[in-house]
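Q: Please model the complete structure; the sequences and the hints are all you need to start from.
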Amino acid sequence: MASSGVIARLSGLAPAELTFYRLFVGAICLFTLVLLLGKQAELKQKPDRRIVLNGVLLASFMMCFLKAISFISLANAIMLVYLAPALAAIAAHFLFDEKLDLASGLLIALSFLGFAMLQQFKLDLVLTEAQWPGFVYGMLSLVTYTGFLLANRHSGKSESPLQRAFYQLIIGALCVLPFLSAAPIPGADTLLWVFLAGFFPGFLAIYLAIVALEHLPTRVFGTLAYIEPVAVILAGWWLFGETLSPLQLGGVAMILLAGLVQSLLHQQRVPALPNPQPRPVP
Numbered sequence: 266m267a268s269s270g271v272i273a274r275l276s277g278l279a280p281a282e283l284t285f286y287r288l289f290v291g292a293i294c295l296f297t298l299v300l301l302l303g304k305q306a307e308l309k310q311k312p313d314r315r316i317v318l319n320g321v322l323l324a325s326f327m328m329c330f331l332k333a334i335s336f337i338s339l340a341n342a343i344m345l346v347y348l349a350p351a352l353a354a355i356a357a358h359f360l361f362d363e364k365l366d367l368a369s370g371l372l373i374a375l376s377f378l379g380f381a382m383l384q385q386f387k388l389d390l391v392l393t394e395a396q397w398p399g400f401v402y403g404m405l406s407l408v409t410y411t412g413f414l415l416a417n418r419h420s421g422k423s424e425s426p427l428q429r430a431f432y433q434l435i436i437g438a439l440c441v442l443p444f445l446s447a448a449p450i451p452g453a454d455t456l457l458w459v460f461l462a463g464f465f466p467g468f469l470a471i472y473l474a475i476v477a478l479e480h481l482p483t484r485v486f487g488t489l490a491y492i493e494p495v496a497v498i499l500a501g502w503w504l505f506g507e508t509l510s511p512l513q514l515g516g517v518a519m520i521l522l523a524g525l526v527q528s529l530l531h532q533q534r535v536p537a538l539p540n541p542q543p544r545p546v547p
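So the sequence shown is numbered by the numbering used here: it starts at 266 and just counts up by one.
You may find that some hints are simply not true.
As the list claims (entries may be wrong) - Restraint-style ranges between C-beta atoms, simulated for each label pair:
id: 1; residue 1: K309; residue 2: L514; range: 43 to 53 Å
id: 2; residue 1: L456; residue 2: H480; range: 33 to 43 Å
id: 3; residue 1: L456; residue 2: L504; range: 17 to 27 Å
id: 4; residue 1: T508; residue 2: E479; range: 34 to 44 Å
id: 5; residue 1: A474; residue 2: R314; range: 18 to 28 Å
id: 6; residue 1: L367; residue 2: T508; range: 30 to 40 Å
id: 7; residue 1: Q305; residue 2: A448; range: 23 to 33 Å
id: 8; residue 1: Q305; residue 2: S338; range: 42 to 52 Å
What the hints assert, rightly or not - The calculated SDA-like cross-link candidates involving lysine to any residue, where the alpha carbons are at most 25 Å apart (straight line), are:
id: 9; residue 1: K309; residue 2: E479
id: 10; residue 1: K332; residue 2: L318
id: 11; residue 1: K387; residue 2: A500
id: 12; residue 1: K304; residue 2: A500
Bear in mind the hints are in silico, worked out from the structure with no lab data behind them.
We put the CB at the ideal spot given by N, CA and C, even for glycine.
A: Okay, structure coming up:
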């Protein structure tokens with residue numbers, strides 16, 4: 266989402282268009298990688314119900330978020346959505362027996378506090394009649410994003426992350442297609458942005474997230490997920506000359522520190538593989 270925000274600001278693409286390009290062009294980029302690796306056989310395995318669900322959740326999370334910001338402020342919608350990593354870590358504690366101890370819980374809370382500092386604690390959500398739809402869409406985005414993280418935690422019947430990512434992108438793009446007002450044919454002046462949207466936040470971000478969720482506990486991924494808004498803040502500072510307040514700088518430092526400590530704790534908890542003993546010389 267970090268690079269998507271930068272691309273949206275620079276390109277002027279409509280939210281639904283940008284989401285479609287992110288998913289569809291991302292699927293094309295992933296298919297190209299599959300061809301280069303010679304792993305076309307992995308895509309012959311039909312997607313199971315888990316992959317279909319993940320694709321629907323992927324599109325639902327993006328579209329509900331876009332609907333939310335049409336009723337409430339962007340800051341409020343983002344605050345709701347970024348509860349998802351913490352909620353997913355708590356849910357994984359009960360669903361997958363991923364123990365969320367005190368240290369990990371505090372680090373996730375510290376990351377969210379740092380995220381709130383990035384937002385400068387701007388939460389002005391007043392549930393008026395006009396804002397209620399935005400709050401509902403924001404909560405739906407929170408729930409579907411949480412479900413996306415949890416559903417991708419285990420691979421199911423598929424052993425190929427390439428296959429899982431490809432079909433999730435394709436299914437997500439098909440889900441977004443009805444929300445487009447016209448045929449999604451980009452003009453010559455937007456081709457570069459379409460490619461960037463599909464390659465970085467589409468292909469790379471989603472594929473790497475699926476791989477990371479397969480190998481990292483949800484509590485670790487949930488902490489590292491808050492590095493994403495840090496990238497948005499730093500991109501705004503670098504590309505647009507936006508100033509960072511001391512509060513925002515403190516939030517950046519807090520998120521990076523929590524992510525580093527969580528990663529170090531995870532490495533300490535992973536059991537080391539025993540060193541093979543040399544065979545005695547006869």
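Q: It remains to establish, for every hint, whether it holds in the given structure.
A: Quick rundown of the hints versus the structure:
1. K309 to L514: 43 to 53 Å: At roughly 50 Å between Cβ atoms, L514 and K309 fall inside 43 to 53 Å, so the hint holds.
2. L456 to H480: 33 to 43 Å: 35 Å, holds
3. L456 to L504: 17 to 27 Å: For L504 against L456, whose Cβ atoms are near 20 Å apart, the range 17 to 27 Å holds.
4. T508 to E479: 34 to 44 Å: For T508 and E479 the Cβ distance comes to about 39 Å; the hint holds.
5. A474 to R314: 18 to 28 Å: 20 Å, holds
6. L367 to T508: 30 to 40 Å: Cβ of L367 to Cβ of T508: about 37 Å, so the range 30 to 40 Å holds.
7. Q305 to A448: 23 to 33 Å: 29 Å, holds
8. Q305 to S338: 42 to 52 Å: 46 Å, holds
9. K309 to E479: Holds, because 21 Å separates the two Cα atoms, which is no more than 25 Å.
10. K332 to L318: Roughly 21 Å between the alpha carbons, so the hint for K332 and L318 holds.
11. K387 to A500: 20 Å, holds
12. K304 to A500: 35 Å, violated
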